[in-house]
Structure formats: structure tokens, C-alpha cells
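Residue-level listing of the chains:
4 protein chains.
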Amino acid sequence: MIKAGVIGGTGYAGQELIWLLHNHSNVSIEFISSHNYAEKEFAEVYNSFYKFMQDVCISILEAERKLEDIDVLFIALPHGKSFDITKKALNKGVKVIDLGADFRINSSEVYKTWYGVEHNATELLEEAVYGLSEVNREYIRKAKLIANPGCYTTASILALYPLLKNKLIDNSSIIIDGKSGVSGAGRELKIGSLFAECNESIKAYGVAAHRHTPEIEQELSKAAGQGITLIFTPHLVPMNRGILCTSYAKLKDNLLEEDVYKIYEDFYGKEQFIRIVKTLPETRNVRGSNLCDIGIKVDKRTNRVIVISAIDNLIKGAAGQAVQNMNLMFGFKESEGIGILPMQI
Amino acid sequence: MIKAGVIGGTGYAGQELIWLLHNHSNVSIEFISSHNYAEKEFAEVYNSFYKFMQDVCISILEAERKLEDIDVLFIALPHGKSFDITKKALNKGVKVIDLGADFRINSSEVYKTWYGVEHNATELLEEAVYGLSEVNREYIRKAKLIANPGCYTTASILALYPLLKNKLIDNSSIIIDGKSGVSGAGRELKIGSLFAECNESIKAYGVAAHRHTPEIEQELSKAAGQGITLIFTPHLVPMNRGILCTSYAKLKDNLLEEDVYKIYEDFYGKEQFIRIVKTLPETRNVRGSNLCDIGIKVDKRTNRVIVISAIDNLIKGAAGQAVQNMNLMFGFKESEGIGILPMQI
Amino acid sequence: MIKAGVIGGTGYAGQELIWLLHNHSNVSIEFISSHNYAEKEFAEVYNSFYKFMQDVCISILEAERKLEDIDVLFIALPHGKSFDITKKALNKGVKVIDLGADFRINSSEVYKTWYGVEHNATELLEEAVYGLSEVNREYIRKAKLIANPGCYTTASILALYPLLKNKLIDNSSIIIDGKSGVSGAGRELKIGSLFAECNESIKAYGVAAHRHTPEIEQELSKAAGQGITLIFTPHLVPMNRGILCTSYAKLKDNLLEEDVYKIYEDFYGKEQFIRIVKTLPETRNVRGSNLCDIGIKVDKRTNRVIVISAIDNLIKGAAGQAVQNMNLMFGFKESEGIGILPMQI
Amino acid sequence: MIKAGVIGGTGYAGQELIWLLHNHSNVSIEFISSHNYAEKEFAEVYNSFYKFMQDVCISILEAERKLEDIDVLFIALPHGKSFDITKKALNKGVKVIDLGADFRINSSEVYKTWYGVEHNATELLEEAVYGLSEVNREYIRKAKLIANPGCYTTASILALYPLLKNKLIDNSSIIIDGKSGVSGAGRELKIGSLFAECNESIKAYGVAAHRHTPEIEQELSKAAGQGITLIFTPHLVPMNRGILCTSYAKLKDNLLEEDVYKIYEDFYGKEQFIRIVKTLPETRNVRGSNLCDIGIKVDKRTNRVIVISAIDNLIKGAAGQAVQNMNLMFGFKESEGIGILPMQI
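The listed protein sequences derive, respectively, from chains A, B, C and D.
Residue numbers 1 to 345, in this note's numbering, belong to the letters of the first sequence in order.
Residue numbers 1 to 345, in this note's numbering, belong to the letters of the second sequence in order.
Residue numbers 1 to 345, in this note's numbering, belong to the letters of the third sequence in order.
Residue numbers 1 to 345, in this note's numbering, belong to the letters of the fourth sequence in order.
By construction, these hints were calculated from the structure, which means they are not laboratory data.
Glycine is no exception: its CB is placed at the ideal position from the N, C-alpha and C atoms.
Hints are supplied without guarantee of correctness; some may be wrong.
Below are the EDC-like pairs computed for lysine to aspartate or glutamate, each with C-alpha atoms no more than 20 Å apart in a straight line [stated by the list, open to error]: (1) Lys81/B - Asp55/B; (2) Lys190/D - Glu188/B; (3) Lys297/D - Glu64/C; (4) Lys51/B - Glu334/A; (5) Lys297/C - Glu134/D; (6) Lys300/D - Asp170/A; (7) Lys333/C - Glu134/C; (8) Lys262/A - Glu134/A; (9) Lys51/A - Glu41/B; (10) Lys190/D - Glu44/B; (11) Lys300/C - Glu258/D; (12) Lys278/A - Glu41/B; (13) Lys270/D - Glu258/D; (14) Lys167/D - Glu258/D; (15) Lys51/A - Asp266/B; (16) Lys278/B - Asp170/A; (17) Lys87/B - Glu68/B; (18) Lys51/C - Glu44/D.
Quick list of simulated restraints, FRET-style, between CB atoms [what the hints assert, rightly or not]: (19) Arg141/C - Val56/D: 36 to 46 Å; (20) Ser335/A - Arg65/B: 31 to 41 Å; (21) Glu44/B - Asp266/A: 19 to 29 Å; (22) Val56/D - Asn36/A: 58 to 68 Å; (23) Tyr205/C - Thr229/B: 25 to 35 Å; (24) Glu39/D - Lys190/A: 31 to 41 Å; (25) Tyr205/C - Glu265/B: 43 to 53 Å; (26) Val110/D - Leu189/C: 51 to 61 Å.
Kindly produce the complete structure, drawing on both the sequences and the hints.
Written out as C-alpha cells, the structure reads:
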């Protein structure tokens, strides 16, 4: 039984993490900090937790004083806010899993370019492990600081990794067309997240400028062994949860669909959270679970491969993956607390 | 470990039941029958189950031949279809939990009036126990045949039972205004269930004529110790899951809100699936769980009590309650497999 | 051709009004004021207007300086904000249609009780005409100041007026269960209006305390010729537009459903915006229109009448009714600019 | 004033057409045929039309007997069903606008390949004019038979036409990622169109196999002056209306975003139904209108252009465009009856 603290527990990713940790056999939640709801009962902020949790949210300052009591710290803060608390936690010997973006980008310059703020903990960048379990499992086991991947990036990297690793595609031809539910925008108050502004509509946003782009490129470049530049276009879909990524790339050779399927099945064969599906993925098929469904089509007419991946953005795209990483770091069963069967309806 | 069979496993209630049973520590699913999908893999019908279940659906005829292998039979069929299979199962010593309406109404005449078909197993009516655990727990423990309550009825009866039991209201003044997500209409193909016909709209249906009315009246009459006639009006809401019932009644005495709260808390004090909440219930607060949230307002201006109850129609209103009944019948922990923390978003 | 000014044109009711006025043959929009978007193009705030309107929003101070240029002023502000501008407009001889609540309640004390602020224009209360065209048509024609009805109130009063006018019901038995789309909450930034907080859920709010209650009671009391106290319970439904009110009352006599239908048809016979329908109203049937659909059921078992009314909250419940009032005040055809056929899908 | 007949008036495209024609100043509807609802009042099928229309649907056989009474026939039938009635109408001198797919594909072989049925009116293929007004206006004016474009194809062709016409892109690099509301699937009863199967989920369908692909290729090939093969991937989005197409292509030269904007503005400069927008298109901005919004991004990192187009699938993507074509064919003002300001919320 380990002890966990959660910084920023009242955002959407944070509450999802609490939901998962509450069901986890090997973890107790020692504290939950919240910027907006310090001193308030967590179950008052999210009424669904009523009678399940009595925790009262604390401030981040109070949380800092409790770092000694915990084994692992989860951080779910907006970018630019994790540097300080991460350092303090690591100094106390607490392992850190940052659900935010602050340690995902290896280069502090690239970070500054895309996020517009200075990186204030460059000394930790080398140590930080990119927490995509299916790719970095062994590093994660030994890590002290995990940069938990972004939601779109998880769906994108998992979709394309086998193609790049196996050098099957023209690396300059990648286009990722992403679609996300509105919870991906977080709980921040903005006009664009109001019900009547999202419902009954779809739009693209952050076209050719979204911050998940360099993160996807970085990780896929590692797979390819060479620098990759690609297009990533996110869209906002009127639903709460779910990300679907439709990824396109030009095949180098005339591979058949079954060949590509074979390659994916080999690559992800033993992964329990990746399902290579013969039907086309739908986000509802992974709702509430830590799964990533991947389906493949080869368009012979244009010799392109189309890979479709679906995740629950709040789980595999955030909190579930964080727990998966924790499980690896502490030697628990990798699926402990996250082996959930999806909720179809 | 007991063995269960499911008849009608590919409707919405059926699939939800499979979802719950799959996670249950004391049950193995022996077979799933399906009218429309016999011989098809269950996970092909509901893709979310891919890699979790390999079961192939069978016909009801084949299911009959397997009755000897099981301890409990769940039936999730349209009304009028459960008589025969129920008799056969009981004859083989198999306990039956019918999620349909065929054994809910004590009087075969009332059944015929509201359902429009003859009751073909009147000999079983006395034996059948109405499976509302919070009310009939001790009978359920000993029952061989459970009539699992309807979705609206569960939310309605739980909301009003303490008032009637304690004789606090004018029994002729009850009005229940129900609101349900579209999954309540089942998976049947009808124009009214198409996305573009339900979305962005709300309507009442079955006004003064819905079949859950006599069921609510029957059970509340038992609570009151006298015959009760009431109004129940269902509405269709553009969401997948959830039922909210807003129930109105005239208070006999000038009770304060806190008095009524006290009465509910006393009545439901030890119930782990009933939450008496001080905020107003929302269906999302119980999503994916077996909970019923109940909130109360007393309107001093009109001396009426307004009780608001929220359930997940597919769980507490159907499959979850069925599992709760099974747990009682077989001496398992009542919350086994259904102690789920709701999914807020 | 008359000239209109709009105060608060960038809220949801405001923009709907601009939408209608833009299509009106006898009106030109002279100015649009906006608290949040002064100096911004209106079509930048609501992109759908791009290429249709070039208007730049102005501040309310600037709007005051332009009062002399206009014939009618529409005000769509939060309650408590209309007093001052109304006085200034009336002083300049400008007719005023206030879409807010400030002149709806005849008694300044009742106003203060429910709205929590002092009424600062009590001298205008007598002069203000409650702008429900179907009830007050002749007064509206001559009015200088219109208090445009609330959205729930419109659907409620239209539903119950004939019953009270004809003394058919027990006046103490009225219960109105209202359901509204999220646009009814306006464009204000609050957690409860975020997509992920409203979608896939339904809840009641303001139970036994909603500000539309005294407004409904006031107008129905006039119909009845005696003071009426009733219950009104609003609910939030995951859709953009639409209000459905399900109203319950005890019939004095044993009227048949066809009798009640006859009474409604007589009462509303010539009204072009009221449809007495034989099917059950659905909000989608009136979407985008100024219609109010009314359906009736008599429950013989309890001798209660159930009246169901549906409106588009932004049109008949706000902007459409405002235009209807303007048409009456200026002698235009009553349906000018609002005779829209509803948009079914 | 011309007289119109509608074949297949009770599908979604059909009802939208009735909605538009009802508001058109120069057209009277002579008859509406319906396969499923012959002899039923149209307003009973779509209650929103109650009191606006008294028409009773007729069978197609009866419609054939009335061909002599009309000037124009609109056909909204599933593919493969338009051949016969089209021939009969043309023989009687009636102009035909087919909203279905039967005359869109110039080659009967390509038609057979993608639609799986024999083309039974090949003699009409040469005569049929592809009814994309912005591209074929002059041909449409003189046409007797119009093949009204598909919904996705309209959004796709309008998005890419200027690029191909101006030879700005690598023709082999085109990828169109389309997203549609559920009304695009029509009113047919199928599991996949049920509310609880679409809501809260997104999926791709018809990947590398959708029938709109050859139609888009055919028309863009004409623009390019050479054969084009491309990828088109449709997705189902949980909303009623709207199509968004995100189209990607490789720029031949290093064009700046403003250059591309200039080219589009020049190309579509006088078109009243095309809006070249500087913000990113959202389907709600065109809801209920005949508009196509187009926004452009140039990604300098990959030298690709991303064109985003939004339409209301039922209007510009079907019925609105059909009316636009009729206006051209009969010399009416092109925007007559379809100059609707979009409905933002």
C-alpha cells in the first residue's frame, strides 16, 4: 500500500485520477490539492463522490508540507505550473507523475516556442521519462519523474509507432486528423466550452499550431530514428469523452491491409491495453477504460494507410495512463485499478 | 462461484447485465441467448467487449437445453415472452430473475389491462417476489422467482416509499414527473429512437397511460396500506442513460424540510445504494452505478413535498438491481460487483 | 420603417432578437450595445452573422446618446439593470420592450423578495404592460413600456390560462414541471453551463424558489380572478433550445378530454402562434419558430388534466415575443418577421 | 409561379426541401409522394408542419399521373430508384432535379462499381448537369435534368476547386477528412442510427470505400484538367446537422496563407453562398442556411494547405442546393427562398 498525493485534483483529469485511485487496491490518497476549491470537500465539487470520499481539498502550500507523507505525487496543473512542486517532491524522494505538459518536451527551447513560457526546471528534462507505457515500459519502471503523455498524443503515437519503427511509410506524408470530446478542454470557464456553443456543432481549432504537435513529432522521430514533421489538426466534437485520431501516411511499398495488420499485431501483441480491431474503432467502445483501439485500412488506389485510433481522453489519455505508469514504477500489476471493461452505452 | 444464464442478452439491459456479471467475483456466465444475434459472437454485437469475452450467442431453444447447467437465469425479454422459459427454469430448480414486466403485477387482470396480453403463468404470481431490495430484502433472500422492477418504478417507489409508510401525505395527491434517457426505449428499431428524432428535443409520452403506473401504484399501496392512484408522466430526454423523477405530494401536516430529511435518513439509513443528498440530484452523479440519489424540498407556500430521485436506468433501474437481487438470493455480499463509484463526466 | 436599438445584444436572447430583426421588413437596427463586446463587430461575436451584418457593438453610454434616433428600444439585460435606461428612453419618447424581469412583477415588494434587489423605477410599474400578446393584445397596442414575459412563464401561462379563465380547476392544485434547454441559462460563464457538466445529464434547479414562480402566479391570478399559489419546478435538459412545461391540475368537474380540447380551441381559436395539437408536443416541433404547441390529456383515474406546452425559449420565450409585441405597438402585421415554419431536425 | 412535385418527400432531405419550398415565393407544391406514408398527411409525419401544410402524401404511382400538372420534379430517393420516374418526367417536358446519386456519375461503369447496381438510364447521362451552382451555373440555367451533388461532395469540391483550377497543389496529395451529423444517414431504420448508438461517440465509416469518393474525384478532375485520385474519410458526429470537411494538400510552391486567401476570394468573390472566413469554420455558423463557409491555413512547416469547409448537410448539401438549381433553371433570383441567415444556437 503506497500513499499518493494529487495536486490539482478538481480539474477533469484530476477528478478522473481520484476516481481511479479510489478503486486501486494498492494506493491510499493522502491529500488532494485544489486551487479553486481549497478547504472544500472534494465530494462537494464532484457530487458523484458523495459517501465514497470524505477528503477535504487543501491548498498547494499545504500540500507541500505533506510531501513527506507520500510515496508518489500526481500533478494535474496547467502548463508552466509544475516546475516548482516537482522539484520539491523529488527532493523529498517522492516520485512524480506529471499529467501536464511541463516535462514532455525534451528541448526547453521547443517547449518555449510552443508553450510561450520559459522552462524553469531544465535540469530535470533529462531525468524525465515520457510515460507512454507501451513504448517506454522499462524506463518507466525505474523513473522518478514521469511526463505523462497528452491525450491526442497518446492516440496519435500509438497509432503510428509501428509504421515508423518498421520504416513502412514516407515520413514526410503523415497527417493526423484528431477529434476530441469537450472534457479535453478542461473545466476552465471559457465561452467556447459552454454547452450552447459546443452542442450541435463541430469545428477545427489550433490548426497547424496545436501544442501536441511537437510532442507527437518528438516521440515518432525516436521511433523513426530521424526527425519527423507532420500535420496534426484537432477538432472539437459535441460529446463529453473520447478521442478519435484518423492518421494518414503514404506506404513505401505495396503492402496489403493484412500485412499491416500483421505488423501491428506483432508489435502490440502482448499489450493488454491495445486492441487491434478488425472493425472501425468508435470512442464508445473504449469509454471508461484504459484501452486504445486501433483499426487499419489500406487504400490501394492511393497506396496510403489509414490508421484509426480511439481512446477515452480522460483515462488512457490522462489519468488511466498515469495509474498505469504508477503501477510500473511501484511494481504493481500493470493493469491494477485500470483493467476496466468499457461502458458501451 | 455460481453459474448464470442470460436470456435476451443483446438488448441494452442484457448487455449491461453482461457487463456487470463479467466483473462479478462469484458468477460465471454459462450462456447468452439472443433472438437477433444467435450464433454471433457477443463481442461482435457490442464491440466494447472485444478481448474481454469470447461468448457466442445462442438461441433460446439452445438455452433451454442448458438450463440444467446453471444456478440462476436472468431474463431480459419484451413483456409477454418470459412465461414459458421461466416455468422451464423453475422446474429444473433454477432460480429466475426476470428483468421484464411479466411477474411484476400481482393481478393477472391488471396485467392484461395494461399490457394487452393474457398472463400465461398466473400460478407463479404468488411466488414471484418484487425485487426492490430496499423494500423486500428478506423475501428476496428466499425467493426462487424475482420480478425485477421497472426503471421508472424503481426511481419512483424509492422516492415516495418513506412518505407513504409514515403516512405523511395526502395519498390522492401524488404526481410523478419522470425523465429518461433514450436507452430506456431499448434497442428496438423505431423512428422515435433515431438520433435525429430525439436529439435537441424533449417530449412527454405515454401520458396517463404508461405501463409503469400500475406497478408504482401496487407497491406504494402496500407501503400505504391502502389503494393508491397516482399520475405518472414519462418524458424522453436527449441523453443515453439516466432517469430523474420529480415527485410531488401534499403534506398532511406542516412538516419542515429538515423533518422530512430526518425521516428519509432514518428510513434509508443503512442502505448502501441510497444516498439522501442535500444538493439536488443529477443523473450524472449516479451514472454507471447502482445508486439512487434522493433530494427533498418542502414548499411551505403550498405545503407540498417535492422529492427528486436519480438513478442510472440501466443499472439500478435494471441490470444492477438484478445483480443486487442475485447477491441476496445466493448469500453474496449485497454490493458484490455493483459497488461502483459513479462516473461523473 | 422604424428604427430600433438593442441594449445587451450579445447575450443569447439579444442575438436571437438581432436574427429576427434582421429579417423584419419594417425595422432597421440602429445600434447594438454590449457590455462585454463594445467596439467589436457583432459578426465577430456571433460568426454566423458574417457578411449579413457589419454593425459594431457600442457601449450602453454611447447607446444613450443615440436614443433620439430610434423609435423602439429593446433591452436584454440581467435583472436590476433596466431601470435607468428605460427611464431615459421613455423620456425621449422611445417605446421600450424589456426582455428582462424588471417590469414584469407588478409589486415592487414581491420583486424585491424574489430578485433580492430594490426596484428603482416603481413609478413605471403601473404603466408597464405585461407583453403576452395572446392575453394582453389590446393593452400592448397602446403601451409605451412592455415587460416581455419570461421563457418558462410564457409556456406556463399559455398552458393554463384557459383552465383558470373558465374556472375549471381547483386553483390550489396546480403543479408545473418545466424543462429547458441550456441556452436558457444565458451566455454567462459558470461551471454549471459548461458542456461536460450539462451533457448526458438532467437535473432540477431552483426548486420551490425559481423567480418565474411569482410571475406565473401573478398572471394566472388575473385569469382566475383570485390569488393563486402554485409549484413550479424547472429542469435543465442537455439541448440548446426549447422549453417543455408539463402542467397538472385537478378538474372541478368530470370533464372529458374532448371537452377540454374544445375549450382550448375556442379560447385560442384565432391565435396564429398557438397550435392546439392532438399529438403530444415536442420542442423540436416549434424549434426556430414563435409557436407555442399545446396538447392536453385528461386522466380519468385521478380526474386531473395534464397540459403540455412547448416553445422555443429564445423565440416565443424571448425575442420572438418581443418582436410580436413590437408589431402590435407599431401597427404592423402581428406575424411580420416571425411567421417562421419550425425547423424539424 | 411554377408548380413543383416532390418524390420521396418524407425522408430528411425531402422534408427539408418541403420546408424551403413552402417559403419560396415562386413555387407551389403540387404533390408529395412517399413510399412509407402514402395517404398520410405530411404534417402527421413531420408535426412541425401542422397548420402550415395540409398536403396528403401520395404514392409514386399517383405522382406519375400528376406529372402533367407540374413544371419541375424533385426526386429524393435512395440510389437506383430514380431512373424510371426521371424518364417519365422528362418525356412530359418536366424538368427534373434529382437529389439522389443516380445521375451524378458520368460513367455508368464507375456508377456500377461504386453503387453495385446497373445504371438504367445511361442515355440521360450526357444530358444530366452536375448541379453545383458555383461551378456549373451556366449549364444549370439551360439544364433539363440536374444531378444534385451529394452532401460531403459539395463541401469537398467547394473547398478544393480553386486550388485545382489554379494548379497550386500536388494532385496526388489530397486527403479529405469529413465529419457529418447523423441526419446524413437518412431516416432509414438501422441500429447504427439509433440515439444510444451515436450519442457520446465518434467513428469513421466507409473508409476508403465511400460512394462520394468517385463523385468528388470526377468533379475535381474536371477542375484540374487531369484525373485525380484522392482519399475521402467520412466520420459520424453526434449532432443532427452539419458537415465539416478538413482537406489537406501539398502546395507546389511556397505560397503564403494570404496568397491562398486571395486566390479563394477572387475565385468565389461574387458568390453569395460562399463565405471565405478568417476564423475557423464551425457547422453551427451555417446551420439552417445555404451557405458554405471556407477557412484556410497554410502550414509552413510541411508546406501543406489545410482547407476547412462547413455546410448544413440538409440545405447546401441537399435541399437548399436543389432550390438554388431550380432558381437558376427557371430564371428566379438565385437566392430566392434560400437567403436565410444561419441560426447560431
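Hints and how they fare:
1. Lys81/B - Asp55/B: Distance of about 23 Å is beyond 20 Å: violated.
2. Lys190/D - Glu188/B: Holds, at roughly 9 Å.
3. Lys297/D - Glu64/C: The given pair, whose Cα atoms are some 42 Å apart, is violated under the 20 Å limit.
4. Lys51/B - Glu334/A: holds (17 Å)
5. Lys297/C - Glu134/D: violated (51 Å)
6. Lys300/D - Asp170/A: Roughly 19 Å between the alpha carbons, so the hint for lysine 300/D and aspartate 170/A holds.
7. Lys333/C - Glu134/C: Given that 20 Å is the threshold and the Cα spacing comes to 15 Å, the pair holds.
8. Lys262/A - Glu134/A: Holds. Lysine 262/A to glutamate 134/A sits at ~18 Å (cutoff 20 Å).
9. Lys51/A - Glu41/B: violated (39 Å)
10. Lys190/D - Glu44/B: holds (16 Å)
11. Lys300/C - Glu258/D: violated (70 Å)
12. Lys278/A - Glu41/B: holds (14 Å)
13. Lys270/D - Glu258/D: Given that 20 Å is the threshold and the Cα spacing comes to 19 Å, the pair holds.
14. Lys167/D - Glu258/D: Roughly 17 Å between the alpha carbons, so the hint for lysine 167/D and glutamate 258/D holds.
15. Lys51/A - Asp266/B: holds (16 Å)
16. Lys278/B - Asp170/A: violated (60 Å)
17. Lys87/B - Glu68/B: holds (13 Å)
18. Lys51/C - Glu44/D: Violated, at about 37 Å.
19. Arg141/C - Val56/D: 36 to 46 Å: holds (39 Å)
20. Ser335/A - Arg65/B: 31 to 41 Å: At 36 Å between Cβs, range holds.
21. Glu44/B - Asp266/A: 19 to 29 Å: holds (24 Å)
22. Val56/D - Asn36/A: 58 to 68 Å: holds (60 Å)
23. Tyr205/C - Thr229/B: 25 to 35 Å: About 30 Å separates the Cβ atoms of tyrosine 205/C and threonine 229/B, which means 25 to 35 Å holds.
24. Glu39/D - Lys190/A: 31 to 41 Å: violated (52 Å)
25. Tyr205/C - Glu265/B: 43 to 53 Å: violated (23 Å)
26. Val110/D - Leu189/C: 51 to 61 Å: Since valine 110/D and leucine 189/C have Cβ atoms about 52 Å apart, the given range 51 to 61 Å holds.
The structure shown violates the earlier hints numbered 1, 3, 5, 9, 11, 16, 18, 24, 25.
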